[in-house]
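There are 2 protein chains.
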Amino acid sequence: MEREHISASYDAELNDLRVRLLAMGGKVEMMIDGSIKALLDRDTPLAERIISMDHEVNSCEVSVDEKCLELLALRQPAARDLRFITLALKIVTDLERIGDQCANIAKRVKEINETPPLKPYIDIPRMAACAATMLKEALDAFVRGDAELAIKVCKDDSFVDELNMQIQRELLTYMIEDPQTITRAMRLTYISKSLERIADHATNIAEMVIFMVKGKDIRHTIA
Amino acid sequence: MEREHISASYDAELNDLRVRLLAMGGKVEMMIDGSIKALLDRDTPLAERIISMDHEVNSCEVSVDEKCLELLALRQPAARDLRFITLALKIVTDLERIGDQCANIAKRVKEINETPPLKPYIDIPRMAACAATMLKEALDAFVRGDAELAIKVCKDDSFVDELNMQIQRELLTYMIEDPQTITRAMRLTYISKSLERIADHATNIAEMVIFMVKGKDIRHTIA
Chain A
1 MEREHISASY DAELNDLRVR LLAMGGKVEM MIDGSIKALL DRDTPLAERI
51 ISMDHEVNSC EVSVDEKCLE LLALRQPAAR DLRFITLALK IVTDLERIGD
101 QCANIAKRVK EINETPPLKP YIDIPRMAAC AATMLKEALD AFVRGDAELA
151 IKVCKDDSFV DELNMQIQRE LLTYMIEDPQ TITRAMRLTY ISKSLERIAD
201 HATNIAEMVI FMVKGKDIRH TIA
Chain B
224 MEREHISASY DAELNDLRVR LLAMGGKVEM MIDGSIKALL DRDTPLAERI
274 ISMDHEVNSC EVSVDEKCLE LLALRQPAAR DLRFITLALK IVTDLERIGD
324 QCANIAKRVK EINETPPLKP YIDIPRMAAC AATMLKEALD AFVRGDAELA
374 IKVCKDDSFV DELNMQIQRE LLTYMIEDPQ TITRAMRLTY ISKSLERIAD
424 HATNIAEMVI FMVKGKDIRH TIA
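If you read the sequences in order, they're chains A and B.
For the first sequence, my numbering puts the final residue at 223, and the numbers step up evenly by one.
For the second sequence, my numbering puts the final residue at 446, and the numbers step up evenly by one.
Calculated from the structure, these hints are not laboratory results.
Note that the structure is predicted; figures quoted are calculated from it, not measured.
Heads up, some of the hints might be wrong.
[Stated by the list, open to error] Listed below are the simulated DSS-like cross-link pairs for lysine-lysine, each with C-alpha atoms no more than 27 Å apart in a straight line: (1) A:107 x B:342; (2) A:90 x B:333; (3) A:37 x B:416; (4) B:342 x A:193; (5) B:437 x A:193; (6) B:359 x A:110; (7) B:378 x A:155; (8) A:67 x B:290; (9) B:359 x B:437; (10) B:313 x A:155; (11) B:342 x A:67; (12) B:437 x A:90; (13) B:260 x A:90; (14) B:378 x A:90; (15) A:155 x A:67; (16) B:313 x A:67; (17) A:152 x B:437; (18) A:67 x B:416; (19) A:110 x B:416; (20) B:313 x A:193; (21) B:290 x A:214; (22) A:107 x B:260; (23) B:260 x B:437; (24) A:27 x B:375; (25) A:152 x A:27; (26) A:90 x B:290; (27) A:136 x B:375; (28) B:375 x A:90; (29) B:290 x A:193; (30) B:416 x A:119; (31) B:260 x A:155; (32) A:214 x B:260.
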């Protein structure tokens, strides 16, 4: 009975870790969507809310880290659980840095909203949607231990990379044709670069999930 | 006797982890220096060597990760050791990504070496030297448990950020005055951004070290 009690409570704690991590992931996804919505709608108050959400994400990071250390210290997990918890420790760092990138995007959006719009935004929202989906799927892959889904995320990264290159090239032509646009175009290149970094973090998470599931390291073998 | 034997071997294993992590750090520092040397000397073969070193760093990451999991599973470390090992797990990820950034810099250097130089490089080598020192000091702070040194690293980050801003502004004036320089100037901005990311990784490591030493989380309180 005692052993069953401990085991049930251990499962509950592992589940609590899972829930905390997903809640943090959900918050970060909202930040991605919100920062781009603030760009499209020229909504500076929304950009400011996204910047302030960064603190909440930082608190989530501390709380997930503490939960992981507690589980490692008190539960002495082995094998699969050990891999799950150590991976949570790594993933939480990526989530926190995605939050940082969203705050960076929101800061650029505030600057952009003070000047006339340079052009209609088509590829940046596509890139953001793709990066947000990649993050969602990477976290789903993590909690479900789904290597196939994680592999899909890794493959999608090249689409975001290509969109980023395309945006950089397009903005370059603006700058060449009219140097007056350079400052504004540079701000958009930063946003595009931040979205690419977000997709990189999602890919990093997915690669680690594949490692967790398959037990071997493919992080550096997928092109 | 038996217990002493186990304890000595445990210490040896912890030390082995420390040594592996520092060796990886040394390799990554060499990549930072080498990628910028390849820029200054217009040395494309060196740039290619840096790109190929990325694989070695990836192997180091796998080996450190495995050592950490082994220690957690077989040694069931508590308190200080647990914090040290879980931190090593996080740090190794930062080191691997610094390696990626160096490979990115080296790729841009190869492109730059195919065109006439845009300008003499003054701030980029300063930035690289500062980022490399930050990394070295962050790792020293980690192995020595030196919170003061880690705090210094966090403070130095703003110097790198300022240099990056200064480089971006300077390259903008080149682009405005002569749009013919845009492609080359953009490549230099990527290098500058990569160096800033490297300094960010060093700062992340330092913040985590302060957490390890002081036992409380200041990651999100230092400006």
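Here is what the structure says about each hint:
Simply put, residue 107 of chain A and residue 342 of chain B have alpha-carbon atoms about 31 Å apart, too far for the 27 Å limit, and the pair is violated. Between residue 90 of chain A and residue 333 of chain B, the direct Cα distance comes to roughly 33 Å. Violation of the 27 Å bound is thereby established for this hinted pair. Between residue 37 of chain A and residue 416 of chain B the CA atoms are separated by roughly 25 Å; this keeps the pair inside 27 Å, and the hint holds. The suggested pairing of residue 342 of chain B with residue 193 of chain A holds, with an alpha-carbon distance near 25 Å, which does not exceed 27 Å.
Proposed proximity of residue 437 of chain B and residue 193 of chain A is contradicted: the alpha carbons are some 35 Å apart, above 27 Å. Proximity of residue 359 of chain B to residue 110 of chain A is assessed by CA-CA distance (about 36 Å); at most 27 Å being required, the pair is judged violated. About 38 Å separates the Cα atoms of residue 378 of chain B and residue 155 of chain A, which puts this hinted pair outside 27 Å; it is violated. Taking the CA atoms of residue 67 of chain A and residue 290 of chain B, the gap is near 22 Å; set against the 27 Å cutoff, the hint holds.
A distance of roughly 20 Å separates the Cα atoms of residue 359 of chain B and residue 437 of chain B; the hinted pair therefore holds under the 27 Å criterion. Between the alpha carbons of residue 313 of chain B and residue 155 of chain A the distance comes to roughly 24 Å, so the proposed pair stays at or under 27 Å and holds. Taking the CA atoms of residue 342 of chain B and residue 67 of chain A, the gap is near 51 Å; set against the 27 Å cutoff, the hint is violated. Using a Cα cut-off of 27 Å, the hinted pair residue 437 of chain B and residue 90 of chain A holds, with the two alpha carbons roughly 21 Å apart.
With a C-alpha separation of about 32 Å, the suggested pair residue 260 of chain B and residue 90 of chain A falls outside the 27 Å cut-off, and the hint is violated. Distance hint between residue 378 of chain B and residue 90 of chain A is fulfilled; the C-alpha atoms sit about 24 Å from each other, no more than 27 Å. Restraint check for residue 155 of chain A and residue 67 of chain A: the C-alpha separation of about 32 Å exceeds 27 Å, so the hint is violated. With a C-alpha separation of about 16 Å, the suggested pairing of residue 313 of chain B with residue 67 of chain A holds against the 27 Å cut-off.
Taken as a hint, the residue 152 of chain A and residue 437 of chain B pair is broken in the structure, with Cα atoms around 41 Å apart against an allowance of 27 Å. The straight-line distance between the Cα atoms of residue 67 of chain A and residue 416 of chain B is roughly 34 Å, outside the 27 Å bound, and the hint therefore fails. For the given pair, residue 110 of chain A sits about 21 Å from residue 416 of chain B by alpha-carbon distance, which is consistent with the 27 Å threshold. A hinted pair counts as satisfied when its Cα atoms are at most 27 Å apart, and residue 313 of chain B with residue 193 of chain A qualifies at roughly 24 Å.
With a C-alpha separation of about 18 Å, the suggested pairing of residue 290 of chain B with residue 214 of chain A holds against the 27 Å cut-off. Of the pairs offered as hints, the one joining residue 107 of chain A and residue 260 of chain B is violated, with about 34 Å between alpha carbons and a cut-off of 27 Å exceeded. Distance restraint check for residue 260 of chain B and residue 437 of chain B: the Cα-Cα separation of roughly 38 Å exceeds the 27 Å cut-off, and the hinted pair is therefore not satisfied. Proposed proximity of residue 27 of chain A and residue 375 of chain B is contradicted: the alpha carbons are some 32 Å apart, above 27 Å.
The suggested pairing of residue 152 of chain A with residue 27 of chain A holds, with an alpha-carbon distance near 23 Å, which does not exceed 27 Å. Restraint check for residue 90 of chain A and residue 290 of chain B: the C-alpha separation of about 16 Å stays at or below 27 Å, so the hint holds. Between the alpha carbons of residue 136 of chain A and residue 375 of chain B the distance comes to roughly 36 Å, so the proposed pair goes past 27 Å and is violated. For the proposed pair residue 375 of chain B and residue 90 of chain A, the alpha carbon gap of about 25 Å is at most 27 Å, so the pair holds.
Distance hint between residue 290 of chain B and residue 193 of chain A is unfulfilled; the C-alpha atoms sit about 34 Å from each other, more than 27 Å. Distance restraint check for residue 416 of chain B and residue 119 of chain A: the Cα-Cα separation of roughly 25 Å lies within the 27 Å cut-off, and the hinted pair is therefore satisfied. Our distance criterion of 27 Å between C-alpha atoms is broken by residue 260 of chain B and residue 155 of chain A, whose separation comes to about 34 Å. A threshold of 27 Å between alpha carbons decides the hint, and for residue 214 of chain A with residue 260 of chain B the separation of about 40 Å lies outside it, so the pair is violated.
Hints 1, 2, 5, 6, 7, 11, 13, 15, 17, 18, 22, 23, 24, 27, 29, 31 and 32, counting from the list given before, are not met by this structure.
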